[in-house]
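Engineer: Listed below are the residues making up each chain.
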Amino acid sequence: MKNQQTEHQRILVVFPHPDDEAFAASGTLAMYIDSGAQVTYACLTLGEMGRNMGIPPFASRVTLPAIRKEELAASCLAIGIQDLRMLGFHDKMIEFEDQQRLDNEIMALLKELSPSLVITFYPGYSVHPDHDATGAAVIRTIGRLSAAERPLVHCVAFANNHEQAIGKADVVVDVTAFLEKKMASIRAHRSQFQAAELVGNRELTYEETRTRFGTEPFWTYRFDQSGGYET
Amino acid sequence: MQPITPQDIQIRIDQLAGQDLYVHLELTTGAYASHLDSARHPASAFISNAEVRYTQGSISGAGPYRVGLKTTRGWIYAEGLTHVDEMEKERLILAGHDSQGKLIVALQLSRETF
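Quick note, the sequences are listed as chains A and B, same order.
In this text, residue positions in the first sequence follow UniProt numbering: the first is 1, and each later residue adds one.
In this text, residue positions in the second sequence follow UniProt numbering: the first is 1, and each later residue adds one.
Looking at chain A on its own, in the form it has when it is part of the complex:
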């Protein structure tokens, strides 16, 4: 495994929903930022179709976008992310969007930022259609760059069958030292984090927190010669 703590000075994160960063990569990002990295988070939607509305519900379909926007900003602050871009796509609709428009936005970010590392979802193994479509757009766009220009791509995968298909994660980041920031990032998503399958309403012990959130696995995406999908 490469020495991640010092290697990447400019990182681009592309996820579709506010809170994807919190669960998937907040510890890793806090670690990189602690080593001086500049992180841009391109969040494609405002998660306006989310189903968690707080317990008891305090959000509606109408108020949710503004609420999640604030939560996202608070999460980025907790992690230390310096540059948050909200791209304004509609939640749940990424797979149906104008692909050219989506790819152009991602390409513009790549050209502007020249990141050495991009973090996104692994297309096909990330459960939510928005996750898969976002990962596919990032891979497609980076695949258009010449091999020399391509940043390293670390993908998040968690579909039930993912290990059979893509093996075990080749990058497992121990984020124990940044757990406090990670939990602050998760808690910033106030309308989401009480959900039973996430954190629930019970206070977790430190040991439970560390077991559950102490490592973040990533899969390095392997482009073939032409830049396309590996089969």
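Just so you know, these hints were derived from the structure itself, not from any lab.
A quick note: this is a predicted structure, and the numbers were derived from the prediction, not measured.
Ideal Cβ placement from N, Cα and C applies to all residues, glycine included.
Using C-beta positions, here's what the derived DEER-type ranges look like:
| no. | chain 1 | residue 1 | chain 2 | residue 2 | range |
| --- | --- | --- | --- | --- | --- |
| 1 | B | Ala45 | A | Ala165 | 28 to 38 Å |
| 2 | B | Ala17 | A | Leu145 | 54 to 64 Å |
| 3 | B | Arg111 | A | Phe58 | 21 to 31 Å |
| 4 | A | Ser116 | B | Ala33 | 31 to 41 Å |
Once you have looked at the hints, place chain B on chain A.
Structural biologist: Chain B only, in chain A's frame:
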């Protein structure tokens, strides 16, 4: 969001009858339904900002509630409604939340687009 008081909702439904409106209608089990439990069938549907006009409408049931709106050419129906956004005076924002607080169903009406 506040639990629905059907009498109040009926007044609001009557106030919005007979005019051009935009509707958001949604029903969802969530994108993670089958990921968390393979026995579950993932199903979701929403339509946003469809133009409608209804001639009559009412709320019914003992909670969760049902709403039926008779449009000029057909019907709009939603079941499982539990909450209303009490801050909204012009628009009618109804939602149904399950025991975990998750949104299951939404029915919204407005004179302006959402």
